[in-house]
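With the hints as a guide, dock the two chains, each given alone in a separate frame, to form the complex.
Spelled out, the chains give:
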Amino acid sequence: MNRSRLCVAVLLFLGLAASTFSQAPPEPKFKLGGQAENVALRDLKGQSSPLYDVGQGSKLRVVMFIATQCPVSNAYNERMAAIDREYQAQGVRFLAINSNRQESASEVGQHAAKNGFGFPMYKDEKNVVADIFGASVTPEVYVFDAGWTLRYHGRIDDNQPGTKITSPDLRNALTALLENKPVPAAETKAFGCTIKRVSK
Amino acid sequence: MSVRSQTGRGRLRAPALRWGGGLAIALLLACPAHVPAAGGLQPVDEAGYRKLLDRHRGQVVLVDFWATWCEPCRQEMPALVRIAGQYAPAGFRLITISADDEEQLGRAAQFLRLHRAPFPAYYKKARDDTAFINSVEPAWSGALPALFLYRPDGRLAAKFIGETEPQTIEGAVRKLLAARPKGK
Numbered sequence: 001m002n003r004s005r006l007c008v009a010v011l012l013f014l015g016l017a018a019s020t021f022s023q024a025p026p027e028p029k030f031k032l033g034g035q036a037e038n039v040a041l042r043d044l045k046g047q048s049s050p051l052y053d054v055g056q057g058s059k060l061r062v063v064m065f066i067a068t069q070c071p072v073s074n075a076y077n078e079r080m081a082a083i084d085r086e087y088q089a090q091g092v093r094f095l096a097i098n099s100n101r102q103e104s105a106s107e108v109g110q111h112a113a114k115n116g117f118g119f120p121m122y123k124d125e126k127n128v129v130a131d132i133f134g135a136s137v138t139p140e141v142y143v144f145d146a147g148w149t150l151r152y153h154g155r156i157d158d159n160q161p162g163t164k165i166t167s168p169d170l171r172n173a174l175t176a177l178l179e180n181k182p183v184p185a186a187e188t189k190a191f192g193c194t195i196k197r198v199s200k
Numbered sequence: 001m002s003v004r005s006q007t008g009r010g011r012l013r014a015p016a017l018r019w020g021g022g023l024a025i026a027l028l029l030a031c032p033a034h035v036p037a038a039g040g041l042q043p044v045d046e047a048g049y050r051k052l053l054d055r056h057r058g059q060v061v062l063v064d065f066w067a068t069w070c071e072p073c074r075q076e077m078p079a080l081v082r083i084a085g086q087y088a089p090a091g092f093r094l095i096t097i098s099a100d101d102e103e104q105l106g107r108a109a110q111f112l113r114l115h116r117a118p119f120p121a122y123y124k125k126a127r128d129d130t131a132f133i134n135s136v137e138p139a140w141s142g143a144l145p146a147l148f149l150y151r152p153d154g155r156l157a158a159k160f161i162g163e164t165e166p167q168t169i170e171g172a173v174r175k176l177l178a179a180r181p182k183g184k
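These protein sequences, in sequence, are chains A and B. The numbering of the first sequence is my numbering, which starts it at 1 and goes up by one. The numbering of the second sequence is my numbering, which starts it at 1 and goes up by one.
Treat the hints as calculated values from the structure; they're not laboratory data. Remember, predicted model here, so these are calculated numbers, not experimental data. Any given hint could turn out to be false.
[Unchecked claim] Keeping only pairs whose Cα atoms sit at most 30 Å apart, straight-line, the calculated DSS-like set for lysine-lysine is:
1) K175/B x K196/A
2) K200/A x K175/B
3) K196/A x K126/A
4) K200/A x K31/A
5) K125/B x K164/A
6) K59/A x K181/A
7) K125/B x K31/A
8) K51/B x K164/A
9) K164/A x K29/A
10) K196/A x K125/B
11) K114/A x K59/A
12) K181/A x K126/A
13) K45/A x K200/A
14) K181/A x K196/A
15) K59/A x K29/A
16) K45/A x K181/A
17) K29/A x K45/A
18) K31/A x K59/A
With the rest of the complex left out, here is chain B (with noise of 0.2 Å):
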């Protein structure tokens, strides 16, 4: 039922709701606080991520660090969530961890739902960088973007630092995939 049908002061308040209504959504896109603190992205410390890791045995699980500033990431994450939608019958799973500060994370999460990621994904919320980076790969200095390949049974098969060709990453989820036990 619309405003202005209701009663004659409605006709002449309705113009003024509906300028009061649209100014009200313009605001809401303009300003971040609409968007809640973390957008929805779930947080992960290192021994979250282990969890993580242990609560997708069996499965080829692709682990992708990004942030909304680093480009690259943002350019691959297509190809990425093609990848988990095609071989996720197979037994594939992608998990994205955000590495943006707090105050982005709303727009991290915007970005993920925009290219349909899968979700729940997640953020790191770590005490000190160097302890997290160090957890996941004692190798790896930060950069990104960084893709981390894990075995069905939790191992590291692989990891992309850096721009990577999709087809890379794919062969090597097929690799693995072809490699992982039936019926699993």
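Chain A with its partners taken away, still in its complex shape (with noise of 0.2 Å):
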């Protein structure tokens, strides 16, 4: 092979290891068992503070990375009021970031109060917080210990429409750090929508 076929059969090869990964979300700055990173959030009226002010006291923290419009996340919406209002008086915090392009301020706004939600919301302009947290989808959960802890990732429960819940991982995962218990499945996936995230 002359050098010039090399360098064809080179660039080849990186352009297709490069498209490999171009499109995924960043790799999270933590992970189970890490600390969360103390990033700074945004709430609906740009109003900043940091994400260890929320729920200072609190023995779990639950951020809950959602849409206004995707199908997925809006099949949760009474799930996740639910479970709210549930842990709420156990010592459970929720927050729900929205890191979603298209969707403005004003939309979540209207969104969340539409839908009955008791949890503060933030917006995540750029998709800063997403990338720090490695969220690549929504609905997507994180559970945090009083140490800002990660102690549980995934998804919500394992049935988009709700009918036929075999395994409440979200539930799960609360109940068993309350109990001081591991959690049965730490780290679950499902299928969602992608967060539409900002070119960069």
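Spelled out as structure tokens, the structure:
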């Protein structure tokens, strides 16, 4: 193989290798068992506050990446509101983040009001927070303990319509952690909508 | 032979039959129950996925994980079907796998037929989505749309998660086809 052909082959290989991961979200800055980065959150009025300020004194915190237009995320609206109500009294604090580029803060606010969300909503402009978390899908949840160590990451349950749930993973994780027991499945996955990121 | 021509009584019955027939067709179209449970889509689980890829050794394969609830998935389907038709003679194969719930599979099949997507087409039938998603690609979260491009030897060459320009996909397919051993 002469030098020019070799160069073409190398470029071809590099091109394919680059495309393999070009569409994937960035690697998370922390993983299961690791501590969350104290990122700055912006509420729907644009006011900034550190993540660690949310739910100070709570036993557990649940960070949910959700959407206004994703049918999968919307299928979980009632369940998210119900789980929040149920576990709030047990010292669990929920918050939700919208990182989709096409969903505005005002749209996020209207969606939260319409669905009766009792938890605070944040707008993640330019998906900075989603990139740090490595979040890629909606809905996607993260459960942290009092020291902001990640103890559960993944889906809410295993059934989008909610009629055939066999594994209520978020509830299982919260119940286990509140009872100081091991989480049955600490990392789960589900089909969902991609978080629509800005080009960087 | 029309009903009207058979008997005198037929003249009276024909309008009723026509109305009845029309009503039946309207009901069939309105009622999803007329669609077979899986709409003609074939189930695939973790083991089935690997077998599916093995059956297409020697070809460049693009697996499209999609769902009827996924708007970007629906939007990119016509472009994927075009690429599939254009490069099929060169050894390219598009495989669609629906991530819809079983209740929606009839609609998924209708959508694929409407867009002339290649059949057989498939739907994921896994006991646990986490295991299924990990078996396809451990780094994949399950976000749709998700495309996985495989070399003729079955190895993963590229993946496209989320909205992707058709020319990006087509370019990757062409590169693999150009590198494909001749005569296969």
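Evaluated hints:
{"no.": "1", "hint": "K175/B x K196/A", "verdict": "holds, 28 Å"}
{"no.": "2", "hint": "K200/A x K175/B", "verdict": "holds, 26 Å"}
{"no.": "3", "hint": "K196/A x K126/A", "verdict": "holds, 10 Å"}
{"no.": "4", "hint": "K200/A x K31/A", "verdict": "holds, 23 Å"}
{"no.": "5", "hint": "K125/B x K164/A", "verdict": "holds, 14 Å"}
{"no.": "6", "hint": "K59/A x K181/A", "verdict": "holds, 14 Å"}
{"no.": "7", "hint": "K125/B x K31/A", "verdict": "holds, 29 Å"}
{"no.": "8", "hint": "K51/B x K164/A", "verdict": "holds, 28 Å"}
{"no.": "9", "hint": "K164/A x K29/A", "verdict": "violated, 34 Å"}
{"no.": "10", "hint": "K196/A x K125/B", "verdict": "holds, 27 Å"}
{"no.": "11", "hint": "K114/A x K59/A", "verdict": "holds, 28 Å"}
{"no.": "12", "hint": "K181/A x K126/A", "verdict": "violated, 37 Å"}
{"no.": "13", "hint": "K45/A x K200/A", "verdict": "holds, 24 Å"}
{"no.": "14", "hint": "K181/A x K196/A", "verdict": "violated, 36 Å"}
{"no.": "15", "hint": "K59/A x K29/A", "verdict": "holds, 23 Å"}
{"no.": "16", "hint": "K45/A x K181/A", "verdict": "violated, 39 Å"}
{"no.": "17", "hint": "K29/A x K45/A", "verdict": "holds, 27 Å"}
{"no.": "18", "hint": "K31/A x K59/A", "verdict": "holds, 20 Å"}
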